[in-house]
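Put together the whole structure using the sequences plus the hints.
Protein chains in written order, with this note's numbering: chain B, 1 to 259; chain A, 260 to 518; chain Y, 519 to 777.
No lab work stands behind these hints, which were simulated from the structure alone.
Treat the hints with care, as some may be off.
Below 30 Å or equal to it, Euclidean Cα-Cα: the simulated BS3-like pairs (lysine-lysine) are [what the hints assert, rightly or not]: (1) B/K6 x B/K194; (2) A/K515 x Y/K712; (3) Y/K712 x A/K388.
Beyond 10 Å from chain Y on every Cβ pair, some chain A residues (computed) [stated by the list, open to error]: (4) G273; (5) L329; (6) L330; (7) K388; (8) A414; (9) A433; (10) Q446; (11) R450; (12) K453; (13) N467; (14) R483; (15) I485; (16) V509; (17) S518.
Quick partial rundown of chain A residues pointing at chain Y, CB under 7 Å, derived from the structure [claimed, not checked]: (18) P290; (19) V394; (20) L398; (21) P399; (22) L400; (23) P402; (24) F405; (25) R415; (26) A421; (27) N498; (28) E500.
Where is the CB? At the ideal position from N, CA and C, for every residue including glycine.
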Amino acid sequence: MFYPVKMILTFEHGAVRELRLNRPPVNALAPELIAALLHSVEMAPREGRRALVLSGTAGMFSAGLDVPVLLKLDRPAMDAVWRDFYALMNALASSPIPIAVAITGHAPAGGTVLALFCDWRIAAQGDFKIGLSEVQVGLPLPPVIFSALRRLIGARSAERLAVTGLLVSPTDAANLGLVDEVVPAEQVVDRAIKRCQDLLALPQAAMNLTRRQARADLVREFARDIDHELAEVGSWWWNQETQAALHRMVEQLAMKKKS
Amino acid sequence: MFYPVKMILTFEHGAVRELRLNRPPVNALAPELIAALLHSVEMAPREGRRALVLSGTAGMFSAGLDVPVLLKLDRPAMDAVWRDFYALMNALASSPIPIAVAITGHAPAGGTVLALFCDWRIAAQGDFKIGLSEVQVGLPLPPVIFSALRRLIGARSAERLAVTGLLVSPTDAANLGLVDEVVPAEQVVDRAIKRCQDLLALPQAAMNLTRRQARADLVREFARDIDHELAEVGSWWWNQETQAALHRMVEQLAMKKKS
Amino acid sequence: MFYPVKMILTFEHGAVRELRLNRPPVNALAPELIAALLHSVEMAPREGRRALVLSGTAGMFSAGLDVPVLLKLDRPAMDAVWRDFYALMNALASSPIPIAVAITGHAPAGGTVLALFCDWRIAAQGDFKIGLSEVQVGLPLPPVIFSALRRLIGARSAERLAVTGLLVSPTDAANLGLVDEVVPAEQVVDRAIKRCQDLLALPQAAMNLTRRQARADLVREFARDIDHELAEVGSWWWNQETQAALHRMVEQLAMKKKS
Numbered sequence: 001m002f003y004p005v006k007m008i009l010t011f012e013h014g015a016v017r018e019l020r021l022n023r024p025p026v027n028a029l030a031p032e033l034i035a036a037l038l039h040s041v042e043m044a045p046r047e048g049r050r051a052l053v054l055s056g057t058a059g060m061f062s063a064g065l066d067v068p069v070l071l072k073l074d075r076p077a078m079d080a081v082w083r084d085f086y087a088l089m090n091a092l093a094s095s096p097i098p099i100a101v102a103i104t105g106h107a108p109a110g111g112t113v114l115a116l117f118c119d120w121r122i123a124a125q126g127d128f129k130i131g132l133s134e135v136q137v138g139l140p141l142p143p144v145i146f147s148a149l150r151r152l153i154g155a156r157s158a159e160r161l162a163v164t165g166l167l168v169s170p171t172d173a174a175n176l177g178l179v180d181e182v183v184p185a186e187q188v189v190d191r192a193i194k195r196c197q198d199l200l201a202l203p204q205a206a207m208n209l210t211r212r213q214a215r216a217d218l219v220r221e222f223a224r225d226i227d228h229e230l231a232e233v234g235s236w237w238w239n240q241e242t243q244a245a246l247h248r249m250v251e252q253l254a255m256k257k258k259s
Numbered sequence: 260m261f262y263p264v265k266m267i268l269t270f271e272h273g274a275v276r277e278l279r280l281n282r283p284p285v286n287a288l289a290p291e292l293i294a295a296l297l298h299s300v301e302m303a304p305r306e307g308r309r310a311l312v313l314s315g316t317a318g319m320f321s322a323g324l325d326v327p328v329l330l331k332l333d334r335p336a337m338d339a340v341w342r343d344f345y346a347l348m349n350a351l352a353s354s355p356i357p358i359a360v361a362i363t364g365h366a367p368a369g370g371t372v373l374a375l376f377c378d379w380r381i382a383a384q385g386d387f388k389i390g391l392s393e394v395q396v397g398l399p400l401p402p403v404i405f406s407a408l409r410r411l412i413g414a415r416s417a418e419r420l421a422v423t424g425l426l427v428s429p430t431d432a433a434n435l436g437l438v439d440e441v442v443p444a445e446q447v448v449d450r451a452i453k454r455c456q457d458l459l460a461l462p463q464a465a466m467n468l469t470r471r472q473a474r475a476d477l478v479r480e481f482a483r484d485i486d487h488e489l490a491e492v493g494s495w496w497w498n499q500e501t502q503a504a505l506h507r508m509v510e511q512l513a514m515k516k517k518s
Numbered sequence: 519m520f521y522p523v524k525m526i527l528t529f530e531h532g533a534v535r536e537l538r539l540n541r542p543p544v545n546a547l548a549p550e551l552i553a554a555l556l557h558s559v560e561m562a563p564r565e566g567r568r569a570l571v572l573s574g575t576a577g578m579f580s581a582g583l584d585v586p587v588l589l590k591l592d593r594p595a596m597d598a599v600w601r602d603f604y605a606l607m608n609a610l611a612s613s614p615i616p617i618a619v620a621i622t623g624h625a626p627a628g629g630t631v632l633a634l635f636c637d638w639r640i641a642a643q644g645d646f647k648i649g650l651s652e653v654q655v656g657l658p659l660p661p662v663i664f665s666a667l668r669r670l671i672g673a674r675s676a677e678r679l680a681v682t683g684l685l686v687s688p689t690d691a692a693n694l695g696l697v698d699e700v701v702p703a704e705q706v707v708d709r710a711i712k713r714c715q716d717l718l719a720l721p722q723a724a725m726n727l728t729r730r731q732a733r734a735d736l737v738r739e740f741a742r743d744i745d746h747e748l749a750e751v752g753s754w755w756w757n758q759e760t761q762a763a764l765h766r767m768v769e770q771l772a773m774k775k776k777s
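This is the structure in structure tokens:
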């Protein structure tokens, strides 16, 4: 396996910066990728970029948290990962500039989580899996993620998807409201750039004030007692059932790779 | 008319217990059926059952409150019925084990109310009526029921359905989000059992924690000042308009039966 | 251009009063029309009417705020307009009698705003534009309007529509939940009357109590610190970007009229 120096590739499209996840083979969210993405999202507006596109590899947006790597961490290290991951979700939710996500392929669990907090979700057409499958691998869905999901698709569908850990196709995701549109795979990044450009063509003070207002409920989720929530979510990770299910999943992945 | 000894039939499907309403001819919710159902819902987890299916008769899930019987009660007796009915809704909402409801046929008013508080609603295909028709028979919709309805289908549709007392077909109910799926009548119980089994096949700590989280808003409805609400709802029953409308309905039912 | 004496025509359909906007050419909401509409909405129940239909001209419900007129006002006068417009929205939301709106044609910005606060929205089929285009003309969407929009169509669609200022067709508006139904143009007023009559045929105490309950969240929006919000919204109007965008729009309208 080859790790390029840059886990995130940066492309400039006029005032719109594209951050492309580039951690083969599946853009798994390892601690250093989470930290790098947090840094990149925070730096973009400071460097004068006016909108962001978050994209992945063709066929694979992100497989979510890098469980094989995370299972090797001790409690303080894993707590730090959760803290960074929450900071990343908060940075996406609170971004002073709009963020469109180009879901270029599969986006199970953490892959979909990133999308929940962005302004606009565009998915590539294809046989891809989208959804919050955390429960399937033994991890209860963190409360802030559940709230963001419910905000997008309503309490009824959120309960159903979260509790079952169901993964759905891009088309079903669009019907649920989990993504905003589905386009042919080769157009997904261009469409995300276009959505950003459309926002930048609007009167900016009006757009920004309205955007801040429309997203205030999402931002408020991070004003709750996040330390308490981090302690709770942190403890879930070490639950016996969770550890067993995560280890089982890693073994299955390893066997798949061999065969 | 024949009343069997058991108003609720119990069937065990592995870890899933089916509670089948069995009070001919229409599974009307008489005081003793409400009390029996409350008891059955509370006992199932204590007896080691891991999920519940709530079903009815083919073609008739439940016609709702047994108005002819209730109209004969005095104020203290009727207050006790409301208290039990609220306890039943609370038991369904707060159940430590998942409950799928197999809406086997018609489910006007109280029939639909039971379904609102369950985890999963599966309706039988057919020319059946589903909805909260309380207003049509002169009864304002109790606040906790309205909140549960709004949680499922959103504020706009909830306002429309509640205010007009509209009854809809299973297919329209699914389009509104009032039920989760519609299946051929002969499969509705099996599908409900299957949904429960699917939940039980998931990592249980993760499923349960996520489920509790996803339903916390529904459970919180019963943490409000329910005594105050019970006093209000109780008084509505004795409103002149309500009494007149309910008596009119009972007379029409009696005439229908004769003809 | 001819201004009739009566900017609002009144028609009585039994217990249902129709208020037809009648300010050619586009039913623009000038200060005196806002004040007249507020007065008419408040007077109807006092004069014994039991429901209202709010309609417009065939092809044009209302083009929204009369920007050319409003741009000539000084700050105190414009503050008074906002105060009246908020009072109008509050009167629609809090009306003791149901209000169905017959969206007889285009309803950009303020046209759609009126509809948000009514009980029932029926749109005429046709090539008409509906939506909250405020941001497109440089005006941030006032918070109380955003809340009413989110209540109807959910947080995700509300964010998308509000931030982009998107105008949509009647059919798309129905799919979003922004209107409740779309009917052939010649039937839109009759359907609105029919919806009112249906509500009046229901047991009235039950209907009214349930209606008040279902709309309590909308009414509560006006119990917030509206003075603070009015100060904020008032200041937005005088923002340089907003003024420039509004003047540009007025110039474009003037050029269109000449050509």
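How the hints compare with the structure:
1. In summary, the hint linking B/K6 to B/K194 is supported, as the alpha carbons are separated by about 26 Å, within the 30 Å threshold.
2. For the given pair, A/K515 sits about 29 Å from Y/K712 by alpha-carbon distance, which is consistent with the 30 Å threshold.
3. Our distance criterion of 30 Å between C-alpha atoms is met by Y/K712 and A/K388, whose separation comes to about 23 Å.
4. No Cβ of chain Y approaches the Cβ of A/G273 within 10 Å, the least distance being about 38 Å, so the stated non-interface status holds.
5. No beta-carbon of chain Y comes within 10 Å of the beta-carbon of A/L329; the shortest separation is about 16 Å.
6. A/L330, annotated as away from the interface, keeps every beta carbon of chain Y farther than 10 Å; the closest lies near 15 Å.
7. A/K388, annotated as away from the interface, keeps every beta carbon of chain Y farther than 10 Å; the closest lies near 17 Å.
8. A beta-carbon of chain Y is positioned within 10 Å of the beta-carbon of A/A414; the least distance is around 5 Å.
9. Non-interface call for A/A433 relative to chain Y: holds, since the shortest CB-CB distance, roughly 16 Å, exceeds 10 Å.
10. A/Q446, annotated as away from the interface, keeps every beta carbon of chain Y farther than 10 Å; the closest lies near 30 Å.
11. Its beta-carbon lying about 28 Å from the closest one in chain Y, A/R450 satisfies the requirement of being farther than 10 Å from that chain.
12. Consistency note on A/K453: stated as away from chain Y, and its beta-carbon is indeed over 10 Å from all of that chain's, at 30 Å minimum.
13. Residue-level check passed: A/N467 sits 27 Å from the nearest beta carbon of chain Y, beyond 10 Å.
14. With a least CB separation of 13 Å from chain Y, A/R483 remains clear of the 10 Å interface cut-off, as annotated.
15. Listed as a non-interface residue, A/I485 keeps its Cβ farther than 10 Å from every Cβ of chain Y; the least gap is roughly 16 Å.
16. Separation of A/V509 from chain Y is adequate, the least Cβ-Cβ distance of about 15 Å exceeding the 10 Å criterion.
17. The beta carbon of A/S518 sits about 24 Å from the closest Cβ of chain Y, which is more than 10 Å, so the claim that it is off the interface holds.
18. Hint status for A/P290: violated, given a least beta-carbon distance of 22 Å to chain Y, over 7 Å.
19. Given the 7 Å rule on beta carbons, the hint for A/V394 holds: about 5 Å separates it from the nearest Cβ of chain Y.
20. Residue-level restraint check for A/L398 holds (minimum Cβ-Cβ distance to chain Y is 6 Å; threshold 7 Å).
21. Given the 7 Å rule on beta carbons, the hint for A/P399 holds: about 4 Å separates it from the nearest Cβ of chain Y.
22. Annotation: interface hint on A/L400 holds; nearest CB of chain Y at approximately 5 Å, less than 7 Å.
23. Contact between A/P402 and chain Y, as hinted, is supported at the beta carbon level, the nearest pair being about 6 Å apart and thus within 7 Å.
24. With a least beta-carbon distance of about 6 Å to chain Y, the hint placing A/F405 at the interface is held under the 7 Å criterion.
25. With its C-beta approaching chain Y no nearer than about 5 Å, A/R415 sits inside the 7 Å limit, and its interface hint holds.
26. Proximity of A/A421 to chain Y holds as hinted, the smallest CB-CB distance being about 5 Å (cut-off 7 Å).
27. Taking 7 Å as the C-beta cut-off, the interface hint given for A/N498 holds, the closest approach to chain Y being about 6 Å.
28. Interface hint status for A/E500: upheld, as the beta-carbon distance to the closest one in chain Y is roughly 5 Å, under 7 Å.
Violation of the numbered hints given earlier is confined to hints 8 and 18; the remaining hints are satisfied by the structure.
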